[in-house]
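Residue numbers (our numbering), protein chains in the order written: chain A, 44 to 447; chain B, 44 to 447; chain C, 44 to 447.
Careful: at least some of the hints might be erroneous.
Heads up, the list lumps identical chains together, so a pair's fine if it works in one copy or across two of them.
Claimed, not checked - Taking lysine to aspartate or glutamate pairs in the DMTMM-like style, the calculated list, with each CA pair at most 25 angstroms apart, reads:
{"hint": "1", "residue 1": "K227", "residue 2": "E442"}
{"hint": "2", "residue 1": "K298", "residue 2": "E442"}
{"hint": "3", "residue 1": "K351", "residue 2": "E232"}
{"hint": "4", "residue 1": "K162", "residue 2": "E299"}
{"hint": "5", "residue 1": "K226", "residue 2": "E344"}
Calculated directly from the structure, the hints in this document are not laboratory data.
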Amino acid sequence: MTISVGLLEIGELGEDQKRSLLKTIIMTCSAFFFMGLLGFNLAFAPTIMNGFIGNPTHTGPFLGGFSSDAFGALNRVWWSMGPGYFNKGITLPVYFFFEVAFASVTLALVGVVVLRKMKMSAFFIFSIVYFLLIWSIPAAWIWNPTGWLYAAGVRDFAGGLVVHGAAGAAGLGIVLQIWREEKKRGLKESPQTRLNPSSGWLTLSILLLWLGWFGFNPGSTLAWGISAQIVAVSTFLSASAAFLSTMFFRYLMVKENPGLVYAVNGILMGLIIITPLAGFVSPASAVILGLIGGPLFLAGEKLFLRFKWFSDPVGLFPGHMLGGVFGFAMVAFFSQQPFAAAVGSSNLPDGILFGGGFSAIQQLGWQLFAVIAVMVTVFAISFITTWLISLGLHGITREYKKEE
Amino acid sequence: MTISVGLLEIGELGEDQKRSLLKTIIMTCSAFFFMGLLGFNLAFAPTIMNGFIGNPTHTGPFLGGFSSDAFGALNRVWWSMGPGYFNKGITLPVYFFFEVAFASVTLALVGVVVLRKMKMSAFFIFSIVYFLLIWSIPAAWIWNPTGWLYAAGVRDFAGGLVVHGAAGAAGLGIVLQIWREEKKRGLKESPQTRLNPSSGWLTLSILLLWLGWFGFNPGSTLAWGISAQIVAVSTFLSASAAFLSTMFFRYLMVKENPGLVYAVNGILMGLIIITPLAGFVSPASAVILGLIGGPLFLAGEKLFLRFKWFSDPVGLFPGHMLGGVFGFAMVAFFSQQPFAAAVGSSNLPDGILFGGGFSAIQQLGWQLFAVIAVMVTVFAISFITTWLISLGLHGITREYKKEE
Amino acid sequence: MTISVGLLEIGELGEDQKRSLLKTIIMTCSAFFFMGLLGFNLAFAPTIMNGFIGNPTHTGPFLGGFSSDAFGALNRVWWSMGPGYFNKGITLPVYFFFEVAFASVTLALVGVVVLRKMKMSAFFIFSIVYFLLIWSIPAAWIWNPTGWLYAAGVRDFAGGLVVHGAAGAAGLGIVLQIWREEKKRGLKESPQTRLNPSSGWLTLSILLLWLGWFGFNPGSTLAWGISAQIVAVSTFLSASAAFLSTMFFRYLMVKENPGLVYAVNGILMGLIIITPLAGFVSPASAVILGLIGGPLFLAGEKLFLRFKWFSDPVGLFPGHMLGGVFGFAMVAFFSQQPFAAAVGSSNLPDGILFGGGFSAIQQLGWQLFAVIAVMVTVFAISFITTWLISLGLHGITREYKKEE
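Starting from the given sequences, assemble the full structure and let the hints guide the process.
The following block contains the structure:
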C-alpha cells in the first residue's frame, strides 16, 4: 500500500519525482524498524495512563529480542486477540505485520503533501516520531480495546479517522510549518505543484491500492469468513459507485470527459468513505455511500483549492481527510446491528437511518467528539514535531533548484 | 486481469494511449456495478425460459439490498455450489467476485479492438449492455448448470468459448459498426494502428496476466486442492511450450530474434488454448497443446492481417478468438476421464486421442454446435447494440486529431 | 521474482534495455519447460551416485506424462515431504512450482551480468544446461535430504549458497568467457555499463522482490504456521535494518543523500544476508545481520569496482555472491536451537554467539567447505558450458551497434 501511494504520486505528478519513491522506501523501512522497536507496543499493548497509550515494555524490542523463548512468546495469541477481547486467535507476528502496513500507509498519505519542498532528512526524522507517537496515539485510543475512546463506544472499522482523518491532521501540521518558512522567505503564496499525470503509473497505483484495500478492509474483520467477504463486496461496490458519481458530476461541471485523474480520485473516494464502516453496513448502503462520494470530493476539491498557503495536488485534504471523517461520522447513520455484530462490534447500535433512535444519536455524538479529540491531538503533535525538527536542522524546507 | 489487459495494450501500443487506461477503469467499475445490480443473476441464478437466461430477481440488487437479513442470505452457499449441482460450498460473495472478474476481463479483451476510434461514452454505454446481457448469455448457457448447452453436455473449463471466443465475436460486432462509419466517411480501408512497444509495461502485463490466469484456471476447479494444483501446472507448461514454439517458428520465418511482442503473444496463446480444457487433460497433453499454439497463432496472424477493414494490433482475433475456439474444440480430443471427473465433469468422455470413440465424436459435435450458437448470438447482440448506440450518439467513432 | 529481477535491471540500467525483459521471459519459460522435462528430478528426486544427483527417471517427463494415473501420482505427497524426511505433506505440483520459481530466479540473478554483451541465442542454450545441471547440482547436494552435503550437516535455509552464492559463481563463469572474447577483439578492459536509473521501475521491482522474498523465505518452512510468520518478521526486519545502515554509512562516505539506487541495494542486501538463516535465528539477530549488511555491501562494491575485466552494475558480486556466502557462513554464528528445530533442522547446533561451542565451530567448517565445493563446481560447469556454446556459435558476445 505504501508503495502504491508512492506510485500514485508519480502517476499524478510525473516520473521525474524520484524523491517520491525514495520517500516511499524510507517510510516502509522506518515503519518496520521503529514500529518493531517500540511503536507497536505503544499502540497495541495493554494501555497504561487510563487508556492513553500502550505499555512500551510489553514485548521486548523487535517482538522478542534475542531470547530463544521468543519462539514461545511469538507463538502465543496476541493478548487483544484472545478470549475476553476480540477473540480472533491471531498471533503476534501476523498482527504486527498487519498494523505496520497500516502505520506505513498512513504516513504515506501524510507524505503526499511534502512534495519537493521538505528536506529528506527532516522527513526521515519526522517518520521516527510518527511511528513511535503520532500514529500510535489514535490507534491506542480507538483500536486498542483498552483505549479510552474504544471504551466509550467509538468505532472505526478500518481507519476512517485513525488512518485517513489522522493523516490529514498530521499533514496539516507539516504544511503549516512549511508555510511559516516560506512566508519568512517572503513568499506571498505557497508554490503550487502542477499535475503531470503518467497514465501507466497512475493505473498501476490504482490496481495496487485496490488490492491493498482488499487486504485492509476485509482484513479488519481479523478473520477470513463470510464477514470479510461481505466487507470486500461492500468495499468494491462503494468504489465503483463513487467512480460513476464522480465522473457523472464532473461531466456535468465541465461538459467533457473528466479524464483519468478524476477516475482515480473517484475510486479512491469510494474506498476511503467506506473504510470506517465497511463491516457495519449492507452492500446497498455501500452503494449509497459511494454515490455520495463523488459530489463530496468535487466540493471538497473546490473548497481546498481556495487556500493558497499549501499545495495538495494529490488530494490529501479533499480526499482522505474529508472522506475519512465523513465516513467515520456516517457510522452513526448507516450501521445495521447484524452486520456490526458479525465483525465483533455487537455494542454498536443501529444507525439513525435504520431505526437506531436515541442510541444512534448518542453514537453520533461520540464519533464527532472522537474526531475533534484525534484531529486536534495529531495536528498539535505533528506541528510541534516539525517545528522542533526545523529548529534542529535550520529549516525543514529545501532551497529550490539547488538539486534535481 | 482487466488492468493487465490495459497494461498489455499500452505495452504494445505505446504509453500515449491514455484512453486505454481510462477504458480499463471504466470496465472494472462498470462490471462491479452492473453485474451487482443485475448481470450476476442473469448469468448464474437458476435459469428461466428453458435454460436461456438466469432469473433476474433471484437475489435483490447488489446481492441483497439494504436488508439486515442480507447477512443470512449472503452467508448461504450459492445454490449451484450446493449439493445436487457443483457441490463446492462456495458462498455468494466469493462466487460473485470470481465471476465479475471473468466478466470484466472478457470485456477488456473485446476492448482491445476499440483503440482510439470509439467514443468513450459509446463504450461506456456498450459496457452496461455487455454486463447485463452479452456476457451473461453464454455464461448462462454453458457455465450455469441449468443452462441448455450445459445440459446437453457442452463443457468449457475456464472460458475458451465463454471468455475468449465470445470476446472475439463481440469485438467483431463493434469493428463492423466502426467500419460502416469509416466507409461512410469515405475511407478505403480502416486506419491501422501501429505497434509501439514499451517493454516495461509489456512485461509487467505478462506478469499480471500470468498471475491472473493462475487465479482463473486453477480457480475454475472452485476449490483449492490437488486438481487446482494440476491445473496450475498444466496452464504454466502450456504457456512455456507455446512461447518456445512461437519463437522457434517465427525464427524460421524471419531468421532473426522475433522480439518481445512475439514472446508475449506466444505465452498468451499457450494460456488461451489450455483455458477451456486445463482441468480435463494431463500435463503432457498441455505441453502438446502449447506446442501447437505457436504455429496456430502465426497462421492466424497472417490470415487476419489480410483484412483491411479493421485494425487488431493486440491480436484479439488470431489470439483470443482463434485460440479459445481451438482449445474449446480440443476438449473432445484430449480429455481424460480421471482428470475431468476430479474437477466435477464426470460426464465428459475420454477424448478422441485417448480412446473415447463415438462418445468423443458426439462431444465434438456438441462443442462445435456450441461454438456456432454462441458466436452468432454474441456477434448479433453486440452489433445491434453498437448500431443502436450509434443512432443515439450520432456515430460511435471519434473524429481524429480533435483531442489527444 | 524472475520478472522482478528483470524490472530491477531496467530500473537501474534504463528502459531502453528491451533485451533485459526478453531475457526474463526466456528464463521463466525455459525454467518451467526444462525443469519439468528433467531438471526437477535431477535436483529433488532420491539421489543416485552417492548423493551427487537426483534420479532423472523418478517421475516421467512433465511430472507424469500422458498417464491418467498421473492424477494418482501427482496426488501423492512428494517423497521428501513425507514421514522419514521433511514430513510436510506437500504434493508434487506445489513443490515443483516452488522450486521452479527458485531455479528461475537464480538464473535471473546470473543474467544481470550478461547485459547487452551476450547473444540471446547463446543465453537461451545456456539456460537449458542451467536448469538441467548447473542449478540442480547444488540443490541436490544441499536441499535434497539424500544429498551428500545435507547428510554432512550443511544447512542453507532459503538459498544463501544454493541461490545467491551459486548465481555469483555461475555469473563469474560467463563473464570470464565474455572477457576472453573481448580480449581477443583487442579490448584493454571490458566496456562498463552505466547506471541510468528509472525510479518507477526500480521501486516497482523492489516491491515485487520484497513480495517474492515473502514467498521464498517463509515458504522455505514448507508450511504456513508460526515459524513462517517469524521468518517473515526476521526477513523484513533485516531488510529494514540493512536499508538504514547502507544509507547511514553511504551518507558518511559522500555527505549527501545517497539516492534511490543505494536505498534499493541496501534493502536487497538485508534480504540476501538473512536468506540462508532466516529460519534459524531470533528477530533481534536478524536486525544485527541487517545492520552489518550496509558496510559489507559498500565494502564489496568498492572491491569489485576495481576489476575492469567485467561490468556488474546491478551488483551480482558485491550483493548476491558476497551477501549470500556471508549469510551462509553466519549460520554457524547466529543459529538458535529452538528456532532451527521449529523449521525442521533439529540437528543444527546453537551458533558460536549463542554458546554452541565446538559443535558450532564444526558447523562453520562444514559450511565453509560447502562454499568451496559449490562455488568451484558451479563456476567450472558454467565456464565450460559457455566455452562450448562459444565454440558452437562462433562466440557468445554480440557485435555492438549492429542492432538496437
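Hints versus structure:
1. Taking identical chains as interchangeable, the C-alpha atoms of K227 and E442 lie at most 25 angstroms apart only when both belong to the same chain, with a minimum of 13 angstroms there against 52 angstroms between chains.
2. Proximity of K298 and E442 under a CA criterion of 25 angstroms is satisfied inter-copy only: 17 angstroms between copies versus 41 angstroms inside one chain copy.
3. In the homo-oligomer, the alpha carbons of K351 and E232 lie at most 25 angstroms apart inside one protomer (6 angstroms), although the nearest pairing across protomers, at 53 angstroms, exceeds that limit.
4. In this homomeric assembly, K162 and E299 come within 25 angstroms of each other (Cα to Cα) only across copies, at 12 angstroms, whereas the closest approach inside a single copy is 39 angstroms.
5. Taking CA atoms no more than 25 angstroms apart as the test, K226 paired with E344 passes inside one copy only; the shortest distance there is 24 angstroms, against 44 angstroms between copies.
Consistency note: the structure conflicts with none of the earlier hints.
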